[in-house]
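Q: Given chain A, put chain B in place with the hints provided.
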Amino acid sequence: MQHTAIADQIDTMHDPDTFITKYVWSQDHKVIAIQYGLTAVFVGLVALVLSALMRLQLGFPDSFDFIDPNSYLQFVTMHGMIMVIYLLTALLLGGFGNYLIPLMIGARDMVFPYMNMLSYWTYLLSVIVLLASFFVPGGPTGAGWTLYPPQAILQGTPGYDWGIILMLASLAIFIIAFTMGGLNYVTTVLQARTHGMTLMRMPLTIWGIFTATVLGLLAFPALLVSAIMMMLDKVIGTSFFMPALVSMGESLDYTGGSPVLFQHLFWFFGHPEVYIVALPAFGMVSDVLATHARKNIFGYRMMVWAIVAIGGLSFVVWAHHMYVSGMHPAFGFFFATTTLIIAVPTAIKVYNWVLTLWRGNIHFTVPMLFAIGFIFTFTHGGLTGLFLGNVTIDLPLSDTYFVVAHFHMVMGVSPIMVLFAAIYHWYPLITGRMFSDTLGKAHFWFTFLGTYAIYLPMHYIGVLGVPRRYFAMGDTDFIPESAQTLNASITISALIVGLSQLIFLYNIFWSLRYGEKAAHNPWGATSLEWQTKDVPPHHGNWGDKLPQVYRWAYDFSVPGAKEDFIPQNHPVSPEEHTAGEAS
Amino acid sequence: MKLAIALVLLVIATLLFHWLSPWWFTPLASNWGAVDTTVDITLYITGFVFVAVNLFMAYAIFRYRHDPSRRAHYEPENKKLEIWLTGITAVGVVAMLAPGLIVWADFIDPPEDADIVEVVGEQWQWSYRFPGEDGVLGKVDSRHVGPDNPFGMAPDDAAGRDDVLVRNKDLHLPIDRPVKVLLRSKDVLHDFAVPQFRVKMDLIPGTVTYLWFTPTRTGNFDILCMELCGIAHYAMRGQVIVNTGDDFNAWLAEQPTWEMMQGRIAGDPSIGEGQYAVCSACHGAMGEGNVALNAPALAGLQGWYLERQLQYYKDGVRGSHKDDIYGQQMAPMAAMLADDDAVRHMVAYIESLPAVDMQSSLLGNVAKGADHYVTCGACHGGEAQGNYALQAPKLSGQHDWYLKRQLANFRSGIRGAHKKDNYGNQMVLMSRALHNEQSVNDLLAYLNTM
Numbered sequence: 001m002q003h004t005a006i007a008d009q010i011d012t013m014h015d016p017d018t019f020i021t022k023y024v025w026s027q028d029h030k031v032i033a034i035q036y037g038l039t040a041v042f043v044g045l046v047a048l049v050l051s052a053l054m055r056l057q058l059g060f061p062d063s064f065d066f067i068d069p070n071s072y073l074q075f076v077t078m079h080g081m082i083m084v085i086y087l088l089t090a091l092l093l094g095g096f097g098n099y100l101i102p103l104m105i106g107a108r109d110m111v112f113p114y115m116n117m118l119s120y121w122t123y124l125l126s127v128i129v130l131l132a133s134f135f136v137p138g139g140p141t142g143a144g145w146t147l148y149p150p151q152a153i154l155q156g157t158p159g160y161d162w163g164i165i166l167m168l169a170s171l172a173i174f175i176i177a178f179t180m181g182g183l184n185y186v187t188t189v190l191q192a193r194t195h196g197m198t199l200m201r202m203p204l205t206i207w208g209i210f211t212a213t214v215l216g217l218l219a220f221p222a223l224l225v226s227a228i229m230m231m232l233d234k235v236i237g238t239s240f241f242m243p244a245l246v247s248m249g250e251s252l253d254y255t256g257g258s259p260v261l262f263q264h265l266f267w268f269f270g271h272p273e274v275y276i277v278a279l280p281a282f283g284m285v286s287d288v289l290a291t292h293a294r295k296n297i298f299g300y301r302m303m304v305w306a307i308v309a310i311g312g313l314s315f316v317v318w319a320h321h322m323y324v325s326g327m328h329p330a331f332g333f334f335f336a337t338t339t340l341i342i343a344v345p346t347a348i349k350v351y352n353w354v355l356t357l358w359r360g361n362i363h364f365t366v367p368m369l370f371a372i373g374f375i376f377t378f379t380h381g382g383l384t385g386l387f388l389g390n391v392t393i394d395l396p397l398s399d400t401y402f403v404v405a406h407f408h409m410v411m412g413v414s415p416i417m418v419l420f421a422a423i424y425h426w427y428p429l430i431t432g433r434m435f436s437d438t439l440g441k442a443h444f445w446f447t448f449l450g451t452y453a454i455y456l457p458m459h460y461i462g463v464l465g466v467p468r469r470y471f472a473m474g475d476t477d478f479i480p481e482s483a484q485t486l487n488a489s490i491t492i493s494a495l496i497v498g499l500s501q502l503i504f505l506y507n508i509f510w511s512l513r514y515g516e517k518a519a520h521n522p523w524g525a526t527s528l529e530w531q532t533k534d535v536p537p538h539h540g541n542w543g544d545k546l547p548q549v550y551r552w553a554y555d556f557s558v559p560g561a562k563e564d565f566i567p568q569n570h571p572v573s574p575e576e577h578t579a580g581e582a583s
Numbered sequence: 001m002k003l004a005i006a007l008v009l010l011v012i013a014t015l016l017f018h019w020l021s022p023w024w025f026t027p028l029a030s031n032w033g034a035v036d037t038t039v040d041i042t043l044y045i046t047g048f049v050f051v052a053v054n055l056f057m058a059y060a061i062f063r064y065r066h067d068p069s070r071r072a073h074y075e076p077e078n079k080k081l082e083i084w085l086t087g088i089t090a091v092g093v094v095a096m097l098a099p100g101l102i103v104w105a106d107f108i109d110p111p112e113d114a115d116i117v118e119v120v121g122e123q124w125q126w127s128y129r130f131p132g133e134d135g136v137l138g139k140v141d142s143r144h145v146g147p148d149n150p151f152g153m154a155p156d157d158a159a160g161r162d163d164v165l166v167r168n169k170d171l172h173l174p175i176d177r178p179v180k181v182l183l184r185s186k187d188v189l190h191d192f193a194v195p196q197f198r199v200k201m202d203l204i205p206g207t208v209t210y211l212w213f214t215p216t217r218t219g220n221f222d223i224l225c226m227e228l229c230g231i232a233h234y235a236m237r238g239q240v241i242v243n244t245g246d247d248f249n250a251w252l253a254e255q256p257t258w259e260m261m262q263g264r265i266a267g268d269p270s271i272g273e274g275q276y277a278v279c280s281a282c283h284g285a286m287g288e289g290n291v292a293l294n295a296p297a298l299a300g301l302q303g304w305y306l307e308r309q310l311q312y313y314k315d316g317v318r319g320s321h322k323d324d325i326y327g328q329q330m331a332p333m334a335a336m337l338a339d340d341d342a343v344r345h346m347v348a349y350i351e352s353l354p355a356v357d358m359q360s361s362l363l364g365n366v367a368k369g370a371d372h373y374v375t376c377g378a379c380h381g382g383e384a385q386g387n388y389a390l391q392a393p394k395l396s397g398q399h400d401w402y403l404k405r406q407l408a409n410f411r412s413g414i415r416g417a418h419k420k421d422n423y424g425n426q427m428v429l430m431s432r433a434l435h436n437e438q439s440v441n442d443l444l445a446y447l448n449t450m
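Chains as they are written, first to last, in full-length UniProt numbering: chain A, 1 to 583; chain B, 1 to 450.
Hints are supplied without guarantee of correctness; some may be wrong.
With a straight-line cut-off of 30 Å between C-alpha atoms, the simulated DSBU-like cross-links for lysine-lysine are [as the list claims (entries may be wrong)]:
#1 A/517 with A/533
#2 A/562 with A/533
#3 B/420 with B/394
#4 B/420 with B/368
#5 A/562 with B/79
#6 B/394 with A/234
#7 B/2 with A/517
#8 B/2 with A/441
#9 A/22 with A/533
Rather than coming from a laboratory, the hints here were simulated on the basis of the structure.
Here chain A stands alone, though its shape is the one from the complex:
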């Protein structure tokens, strides 16, 4: 079924003519995407610096006076929250979602451009409120990114007075921004696909972003209500999450609330959030792999169903974050089972990526390096998830550095590998310039090898039993001193990886001006975004006439075809082999 009614209406397009309407209050999805992207990268750099501060303390304890137990927890908390929400979610959906959805499905823009603009400015407000917490008395909250009550709002936790209030307010604002953007993405994908763009012809990038957005729209409300309820507990003394308790020797007035209820709500959001980040990455990496291997993605239909299945299952696994939370222990059976079931569609995706490479004709371009690096890091991170998802193994490993290493591999390093792949892959389209290949490759090797040098050893620190969120380990009877050497080496790797991101920043900004002019469709890609008349695409994307789609997005190396790729908007010739038509 195709919905082209909206797509065909070109008269309703707004017409930006001043600098302000073009670049500031812009309603063009491409400009909004770049605004989202730059803001996310900026705030992500803040979080990167925070992680370096943490690593300095862990690698070289007893050395720095500017990191104390109070500020350490603030760094931990802000690093985590910024990376997950304000960088990854915003960059993948607000950034790439915005840029790619209309272009890849052949639309002129999002269906609600004005709301799209509001979404960005609301997001910016949430970032400002978040960063403001660095400047209030007591500083930002140090409750950990999970913000578990009661401690998040009680004395004894950094930023329990102002920091937590700003954090909760910022999250609420972010969710409003996400909802405006998210409704837009979903509606656009469902209603504004161009002629011939059936759902099963959509590139996997769109499937990933679309499914992730649906997850977000269903999951973020759980975070919103928990933020509101915690705010009420904090500000007017309700007891949603607060039982009767004694804080700092004084009985407080709270009574009857449940701290575990917050955890259920938080993870009902928090687990889908993992896939809100992962699914767009899965989609984009699929397209990068296919394009640079000159081969169709292997098992497209299976890939689509795997994305949808993972998205669905992600709503019934949340309590695997809570095996040792004190919830009813019998929940462990159910959530361990659902969690390990999710490994099946996830494994299929990994197999299909690798099988896409098999019998391909692989160009080792910078995006491809990052994409292959992703398969490695994601395989590693996914497999360690099988430890933590299996309820019994959580007994020794929960709340240790094994968890930290696992989730950084699977939802830190892996999506970021894809983000780099995606930035390099679409850079010529977005900017009309090529980046420096040499710098891109250097960036890849530092990032890929460096992050593995951080996180592989970190799993072993966790297996030893070192807890996460500890300012210092001090002396114990069971942790050998050599663990400190390992920690120091992790810190050095982390600093190198952190610094090597300067290569990336230099590359993308330098190339903006001095990069070679990009050829039209330099990678020989099939999907629609590369088939626009102008590079970068102009406002409205398609000129007078929307493209007509005739085939799926993966007609690479079709036997008998003149070139090794056939764009989606090329009609099927009578003699052409059409086995690949998956619709």
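A: Just chain B, lined up with the frame of chain A:
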């Protein structure tokens, strides 16, 4: 090409790192060998997949690297292959999941005859309660918690009278007896974790959670709080000390019951005044301290703190370190107090002395000191007034030169490192957050303003 080699090398490096690494689970000390077996099964299966997928990928990208004379193979899907791969994966998943569920069923179902002990968590300390002779834990409620009733025992519940209360970070347990540990928190979330036992579970205020295990060898095993509980989370430590049955019983018999705690007599300042004559030689007639004799101010300090310190001196917990010159002077003085009653009388007298004003002896940046104090204030209070619930003494009204030396002593382990020094252990960890003399001076300059 380079990438294919890199992938192969990374796989080899990962395997070597794993095999050569001295970093793995600490030796088991409980019945939960099945947990380790479950980990091993998962490790072998996932390890195989890791090696297989990555080596296959390395081969694929080497074998099918770009060649202008060749085209990629066009094969949209291969149903048979996909079904096979799905099937094999499902089998692997079942092989990992099944043992996990079986062990979990065992873990959540403690044996009928398990001993009972309650672990109480609060910011940032552990304490323990045994049910006593009747085998029943008395009722508790957070509303009853106070300085005289740290466990929140219900005053009129007869079952609680013989409960054994251990207000100490060390939990003794007998070997080879299954124990069901009931977990209770007074304030925020905590997590009772003992790495050698392979168990952990959160403590939740308002709820009682549990776990069980059987210690299988004697020795000391660290208890770590593994659920973020605030600024001093990392300093919330304890130990399980596994004894033979006899040693355990002897230890348990020494611990006070709730009834005994209620029956303690109050100190009499008039008796204490007589005893204080000896102390005044160094600490001054009004307990104001004396820099020349390195004696701190006593006036203004809380009684519970003085009592604990005097007991520590008597028991060799404090003042026994070979480098603690002044502590060594104090220890024989404290030993002159014959029994607990004498200590309490003395403390009652010192508590009656009015606080004195202090002269500052050093220069520091008050604003910077205030920043450093944020962490300290979590326990010692915003006005450095101290807090019984956190067992943190008052700092204001104390000589800065004394505080400076104590901080240095904590840092170097001269004070606080003794295994039985409950809260000193925490200060050892906390004191290491400040690293140079100027920072310490800044902090003390700030304290002098209070």
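Q: It remains to establish, for every hint, whether it holds in the given structure.
A: Comparing the hints with the structure gives:
no., hint, verdict
1, A/517 with A/533, "holds (16 Å)"
2, A/562 with A/533, "holds (22 Å)"
3, B/420 with B/394, "holds (22 Å)"
4, B/420 with B/368, "violated (34 Å)"
5, A/562 with B/79, "holds (28 Å)"
6, B/394 with A/234, "holds (28 Å)"
7, B/2 with A/517, "holds (28 Å)"
8, B/2 with A/441, "holds (11 Å)"
9, A/22 with A/533, "holds (20 Å)"
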